[in-house]
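S.K.: Read off the chains here:
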Amino acid sequence: MKTNYFTATTLSQNDVSSNLSSRLVTYVAVMLLGVSILAVAGHAQTPTLHGAAHDTRHATGFPCH
Amino acid sequence: MFMRLFTSAIFAGALAGLVGGILQLGFVQPVLLMAELYETGQLVHFGAEPEAISISYAGIDLTRDLWSLAFSILIYCGYGLMLVALIGIASEQSLISSRPGLRHGIVWGVAGFVALHLAPSFGLAPEVPGVASADLEARQIWWFATTLATSVALWLFAFARTRLMIALGVILLLAPHIIGAPTVSQFRGPVPPEIASIFASRVLGVGLMAWVVLGATASYIFSRFSPSH
Chain R
2 MKTNYFTATT LSQNDVSSNL SSRLVTYVAV MLLGVSILAV AGHAQTPTLH GAAHDTRHAT
62 GFPCH
Chain X
214 MFMRLFTSAI FAGALAGLVG GILQLGFVQP VLLMAELYET GQLVHFGAEP EAISISYAGI
274 DLTRDLWSLA FSILIYCGYG LMLVALIGIA SEQSLISSRP GLRHGIVWGV AGFVALHLAP
334 SFGLAPEVPG VASADLEARQ IWWFATTLAT SVALWLFAFA RTRLMIALGV ILLLAPHIIG
394 APTVSQFRGP VPPEIASIFA SRVLGVGLMA WVVLGATASY IFSRFSPSH
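Those sequence lines, one after another, are chains R and X.
The first sequence runs 2 to 66 under our numbering.
The second sequence runs 214 to 442 under our numbering.
Keep in mind that the hints were calculated from the coordinates and are not lab data.
Any given hint could be a false lead.
[Claimed, not checked] Sample of chain X residues at the chain R side, in silico, Cβ under 7 angstroms:
hint	residue
1	Gln237
2	Leu279
3	Ser281
4	Leu294
5	Ala298
6	Val327
7	Leu331
8	Phe335
9	Pro339
10	Gln353
11	Ile354
12	Thr360
13	Val397
14	Gln399
15	Phe400
[Stated by the list, open to error] Facing chain R, according to a computed beta carbon distance under 8 angstroms, are these residues of chain X, among others:
hint	residue
16	Gln242
17	Ile288
18	Ser307
19	Leu308
20	Ser310
21	Val341
22	Leu349
[As the list claims (entries may be wrong)] Rough simulated footprint, nothing fancy, chain X against chain R, three-plus residues with beta-carbon under 8 angstroms:
hint	segment
23	32-40
24	43-54
Quick caveat: nothing in here was measured; it's all calculated off a predicted structure.
Just so you know, even glycine gets a beta-carbon here, dropped at the ideal spot from N, CA and C.
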């Protein structure tokens, strides 16, 4: 881990906040990936997708058609 | 950290999607297929011909059922990614343990079910094919807005420390239902109400079971990783 290379006194506020913000970016990215899968698999209305996902969309309670 | 989140979500999503998909094929699909007979006019409610009166196991349609399983897994992987992101944030902020474990995962799963299945179903009952329904786009917007508002409300109930934030949670929980889901202009669906109602309740039952599997498994795998991963 990055913090292993710093002593408590040399670890600046910038390092802490950049570490925090990169973690935040990861959480947001994972969340957006999940939402995108949900939008495509569960809600997008192209005919092929709709046909293949039809039964599962109904059986999951999504608005289907 | 990404691997910790991603692995937990995908393994749990695959398992929950498989469990949910199999339950769907066993309990929901026969009802759906029967409804389609009414949707396509092969059976007519109150028609001249006598109607079938039992919902039985309809057999396997391999291509169709495999697509259903695949999409069930895909959808629960999507749910899983959203869920572990929230578990990760709660863990990072010390709102919960850094290793929440299987039992707490069940609570996360039930919360996910309430936010993504139960709350939208309160306004838009799970639709069997052939029921009358309002404009699709309006329903999708209401669905997404309701799931978002309910998710934020449940987060506030679990973690907010001030009464003001709890009150905000109550408002977010109720607002979609006070505003109201898009409604049909007339009741003209050809499917008998007996079929539509058993469909809706089975969809919710299967959803709850799959979400419990998702929450428990995701949280369990998440807890097996060391937090620095």
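S.K.: Against this structure, judge whether each hint is valid.
M.R.: Consistency of the hints with the structure:
Hint status for glutamine 237 of chain X: holds, given a least beta-carbon distance of 4 angstroms to chain R, under 7 angstroms. Evaluation of the leucine 279 of chain X hint against chain R yields a violated restraint, the C-beta minimum of about 10 angstroms exceeding 7 angstroms. Annotation: interface hint on serine 281 of chain X holds; nearest CB of chain R at approximately 5 angstroms, less than 7 angstroms. With a least beta-carbon distance of about 3 angstroms to chain R, the hint placing leucine 294 of chain X at the interface is held under the 7 angstroms criterion.
Using the Cβ-Cβ criterion of 7 angstroms, the hint placing alanine 298 of chain X at the interface with chain R is satisfied: the shortest such distance is roughly 4 angstroms. Hint status for valine 327 of chain X relative to chain R: violated, with the closest Cβ pair at about 13 angstroms, above 7 angstroms. Hint status for leucine 331 of chain X relative to chain R: violated, with the closest Cβ pair at about 9 angstroms, above 7 angstroms. Look at phenylalanine 335 of chain X: its Cβ only gets to about 11 angstroms from chain R, farther than 7 angstroms, so that hint breaks.
Interface restraint check: proline 339 of chain X against chain R, minimum CB-CB distance 4 angstroms, threshold 7 angstroms, status holds. This hint holds: glutamine 353 of chain X has a C-beta 5 angstroms from the nearest C-beta of chain R, less than the 7 angstroms allowed. Against a cut-off of 7 angstroms between C-beta atoms, the interface hint on isoleucine 354 of chain X is violated, since the closest Cβ of chain R lies about 9 angstroms away. Among the interface hints, the one on threonine 360 of chain X is violated; its C-beta lies about 9 angstroms from the nearest C-beta in chain R, farther than the 7 angstroms criterion.
At a threshold of 7 angstroms, the smallest CB-CB gap from valine 397 of chain X to chain R is about 12 angstroms, leaving the interface hint violated. Because the smallest distance between the Cβ of glutamine 399 of chain X and any Cβ of chain R comes to about 18 angstroms, over 7 angstroms, the interface hint for this residue is violated. Because the smallest distance between the Cβ of phenylalanine 400 of chain X and any Cβ of chain R comes to about 18 angstroms, over 7 angstroms, the interface hint for this residue is violated. Using the Cβ-Cβ criterion of 8 angstroms, the hint placing glutamine 242 of chain X at the interface with chain R is satisfied: the shortest such distance is roughly 6 angstroms.
Given the 8 angstroms rule on beta carbons, the hint for isoleucine 288 of chain X holds: about 5 angstroms separates it from the nearest Cβ of chain R. Proximity of serine 307 of chain X to chain R is violated relative to the hint, the smallest CB-CB distance being about 13 angstroms (cut-off 8 angstroms). Taking 8 angstroms as the C-beta cut-off, the interface hint given for leucine 308 of chain X is violated, the closest approach to chain R being about 13 angstroms. Among the interface hints, the one on serine 310 of chain X is violated; its C-beta lies about 17 angstroms from the nearest C-beta in chain R, farther than the 8 angstroms criterion.
Interface restraint check for valine 341 of chain X: the shortest CB-CB distance to chain R comes to about 7 angstroms, inside 8 angstroms, so the restraint holds. Because the beta carbon of leucine 349 of chain X sits about 6 angstroms from the nearest beta carbon in chain R, less than 8 angstroms, this interface hint is met. Restraint check on the segment 32-40 of chain R versus chain X: 7 residues with Cβ-Cβ distances below 8 angstroms, three needed, restraint holds. With a cut-off of 8 angstroms between beta carbons, the segment 43-54 of chain R has 5 residues touching chain X; three or more are needed, and the interface restraint holds.
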